Amino acid sequence: MEPAEYVVAHVVTALAEDPRTHLLGIEVAVVEHRVRLAGCVDSAAERTHVIEVVNGSAPGWRVVDDLVVCRPADRGVGEEDVLEEHEASDRGDPR
Amino acid sequence: MTVRVAAVGDLHIGVDGADDVGLDDVEERADLLLLAGDLTRGGDIEEAKVLADRLDHIAIPVVAVLGNHDHHAGRVPELVDVLGASGVQVLEGDVTTIHLGHTTVGIAGAKGFGGGFAGACATEFGEPEMKAFAGHTRETAEQLGRALEALDTDLTIALLHYSPIPETLVGEPLQIHPFLGSYLLAEAIDLACPHLAIHGHAHRGSERGRTPGGVRVRNVARPVIAERYRVFHLHPESTRDAACAAGA
Chain A
0 MEPAEYVVAH VVTALAEDPR THLLGIEVAV VEHRVRLAGC VDSAAERTHV
50 IEVVNGSAPG WRVVDDLVVC RPADRGVGEE DVLEEHEASD RGDPR
Chain B
0 MTVRVAAVGD LHIGVDGADD VGLDDVEERA DLLLLAGDLT RGGDIEEAKV
50 LADRLDHIAI PVVAVLGNHD HHAGRVPELV DVLGASGVQV LEGDVTTIHL
100 GHTTVGIAGA KGFGGGFAGA CATEFGEPEM KAFAGHTRET AEQLGRALEA
150 LDTDLTIALL HYSPIPETLV GEPLQIHPFL GSYLLAEAID LACPHLAIHG
200 HAHRGSERGR TPGGVRVRNV ARPVIAERYR VFHLHPESTR DAACAAGA
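Protein sequences appear in the order of chains A and B. Mapping of the first sequence onto numbering that gives the first Met the number 0: position 55 corresponds to residue 54, and the numbering continues sequentially without gaps. Mapping of the second sequence onto numbering that gives the first Met the number 0: position 6 corresponds to residue 5, and the numbering continues sequentially without gaps.
Next comes chain B alone, as it looks inside the complex (with noise of 0.2 Å):
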């Protein structure tokens, strides 16, 4: 079975952004929506509530991710309970599988964090502040790697808001590219092999790229695919590829 998985990402709503988020029709081109975080533009609950109501009707499953901007406003319980009331499931280092007829979708959601790639990281070294900035990637990381172990689907996905590999960041300042990913977020998916993984939050970044491990990375922020959204068709059968697969 083809499953239509529909993604995109950073949409920032805000009170006064435009009526129409786009999403409208997503139900009759796609069987699940994946949002890559920055749903909301400050993390406010008005906000958050402006964004429930457009996807309260949408009757296909939709999963998301939050991003930087969703923890601005320091308030993500009631966010996530503001969007869960809509049927939004909002993953952070956890799981859901969802049931298609006989194909099972698994996907692991993490916001992830920056860092930076391999040979220019930060590293869990100096004072408290770099310590933390390093160690909250790496946590992040080791929670996006349980939840992929966690899996047993015929499909499954890592949801990100954080990029994990630079090739979806070219584009962007090389100078930031510290803020906008980590290579740990990378080492954790290809440990687990997934058919894709989806982020978001690089506005001037690139669509498409592969893990070391050979693993597909979109990137659906929407500034980049200039759409309302991007539906991937995802082949059980075919899609894994088979170098990663091997080695999963």
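Same shape as in the complex, but just chain A (with noise of 0.2 Å):
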């Protein structure tokens, strides 16, 4: 069976290069020889896209879809009044 570290690669260029997804945000790891991506998806469709795609660049393997659909239509607006408080944070803030 192909390395582990070769399967992620080579399915994270195929979701970066293949025009179905062109996405390069998706999490993938191999986890006891299973393929598992994470990290959010647009649509439904894309989320298809992407399965399709994984499926195509490790034949041979199961994959393990923990992605979830976050429409944007349903995510708040965030405000920033941007004055000399933010001082300390605007240093860094690891997330």
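Hints were generated in silico from the structure; no laboratory data involved. From a predicted model like this one, the values you see are computed outputs, not experimental measurements. Among the hints, a few may not be true.
Pairs of lysine to any residue residues, derived as SDA-like cross-links and limited to a Cα-Cα distance of at most 25 Å, are as follows [stated by the list, open to error]: (1) B:Lys130 <-> B:Phe116; (2) B:Lys48 <-> A:Ser42; (3) B:Lys48 <-> A:His9; (4) B:Lys48 <-> A:Arg35.
Two chains, two frames, a set of hints: combine them into the complex.
See the structure below:
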């Protein structure tokens, strides 16, 4: 079986380069001989395309789909008053 | 006057994406909208048309830079035309001035590029491919610098896709930082000292940072802010960093 490092690399590359997806933000890992996918996609159709591309780039590997559909319209709107009180946090806020 | 600047990057609009891109109410909350690149998934014209259709009715000024995804299909001029027809002004090494009452807002925009940060950066040395990589970063940073220098407005904003600082990349693997931004962009920003610098591109990065010269930097990649968009309230009199302004 192909080493896990190469499988992850091939899947990440395929998700970026395949015109069905062109996605760079999907988390890809090999866990217990399975390819696990995590992260947000915009729609159910996008999720389907991701799975198709992963199956094509990692033949023979079982895919664990932990993707979440995060519809943009469901998110809120943030506000920030850009004033000096942000001085400390401006220096970096690791997420 | 307080100016409300809405900003978001990395919409990655596809033809099969969500019907609602989450910008419908932006004109009720902000005076202008900035889009920090990667508007489309692969730079396809049909994708640009989907976004243009969603932006067409927005009554406030919309200013954008393109990102690496928007360049993928090699159809940038057509993409810019499609967006322009819907009122989106796409900047690349140039500026626009927006008049909001008696306040003027100047925006200098450029995609930027990678190259890395001080102490760990690409240089124009060696193979032609490496010279081209590092040279493109230098050129886009010089364009940004000239654009910022040309602005004489009450508020100034630098709009980028790539990051000018490593602080807003915290969360991304260190190995890919050279593909996410360049210190040359920060150097150009610090020479002009705008009120705010905005970028996207780093989906796993952090929201806030400052250039070495003190200019506030915000990463508004949608996966980072986890919001439809972020609204920044800017005040011409108070938000420019004193130390930076003194040196500008």
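Status of the hints after comparison with the structure:
1. B:Lys130 <-> B:Phe116: holds (17 Å)
2. B:Lys48 <-> A:Ser42: Holds, because 18 Å separates the two Cα atoms, which is no more than 25 Å.
3. B:Lys48 <-> A:His9: Roughly 31 Å between the alpha carbons, so the hint for Lys48 of chain B and His9 of chain A is violated.
4. B:Lys48 <-> A:Arg35: Not satisfied, since the Cα-Cα distance of roughly 33 Å exceeds 25 Å.
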